[in-house]
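Start from the sequences and build out the full structure, keeping to the hints where you can.
Count the sequence shown with this note's numbering and you get residues 4 to 137, in order.
Since the hints were derived computationally from the structure, they do not count as laboratory data. Keep in mind that a hint or two might mislead.
Simulated pairs of lysine-lysine, DSS-like, Cα-Cα distance not exceeding 27 Å [claimed, not checked]:
{"hint": "1", "residue 1": "K83", "residue 2": "K66"}
{"hint": "2", "residue 1": "K125", "residue 2": "K83"}
{"hint": "3", "residue 1": "K107", "residue 2": "K66"}
{"hint": "4", "residue 1": "K112", "residue 2": "K89"}
{"hint": "5", "residue 1": "K89", "residue 2": "K125"}
Every value quoted in this text rests on a predicted model; they were computed, and no experiment measured them.
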Amino acid sequence: MRGSKDNLLHAEETFQIRGAIFEVHRTLGCGFLEAVYQEALALEFTSRGIPFVGLRPLELRYKDQPLRQRYTPDFICFDKIIVELKAVRELAPEHRAQLVHYLKATGLKVGLLVNFGSLSAKIERVVLDEALSA
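Given below as structure tokens:
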């Protein structure tokens, strides 16, 4: 099993992040607000030594002009992986689109879309396709 994980972009880092996510869900279960999971996951990342920045607004540009609007992902871990949290019954296409927009805005390639709203944590790994960013 480890061999297949080694072929993925940022495999070791996403493995560590996933471990922290599952620990938070194992401890809290489902039913809390997204903000509760965000705070608990920040504590879990810290205890595991996972470097992260939480809720950092991203500057958006249009034709080299800054926009007032900002995107604010829940976490950027290891300076290369966006982690976006949800606490909903099931993920919707707009949740996935939101993560893709965050990846485009940052130039990062890998994101994890996490749903704490079901009986077990659901994690979707999204890799920005080079063709989408052109």
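message = Holds or violated: K83 and K66, Cα atoms, limit 27 Å.
response = Given pair K83, K66 holds - Cα atoms ~25 Å apart, limit 27 Å.
request  = With a cut-off of 27 Å on the C-alpha distance, tell me whether K89 and K125 pass.
outcome  = Answer holds: K89 to K125 is near 10 Å, not above 27 Å.
key: Agreement of K112 and K89 with the hint, judged by alpha carbon distance not exceeding 27 Å   = Status holds; Cα separation ~20 Å.
ask   = Can the restraint linking K125 and K83 be considered satisfied, given a maximum Cα separation of 27 Å?
value = Between K125 and K83 the Cα gap is close to 21 Å, so the pair holds against 27 Å.
inquiry  = With the threshold set at 27 Å, check whether the alpha-carbon distance from K107 to K66 stays at or below it.
reply    = 15 Å, holds
Checked against the numbered hints given earlier, the structure satisfies every one of them.
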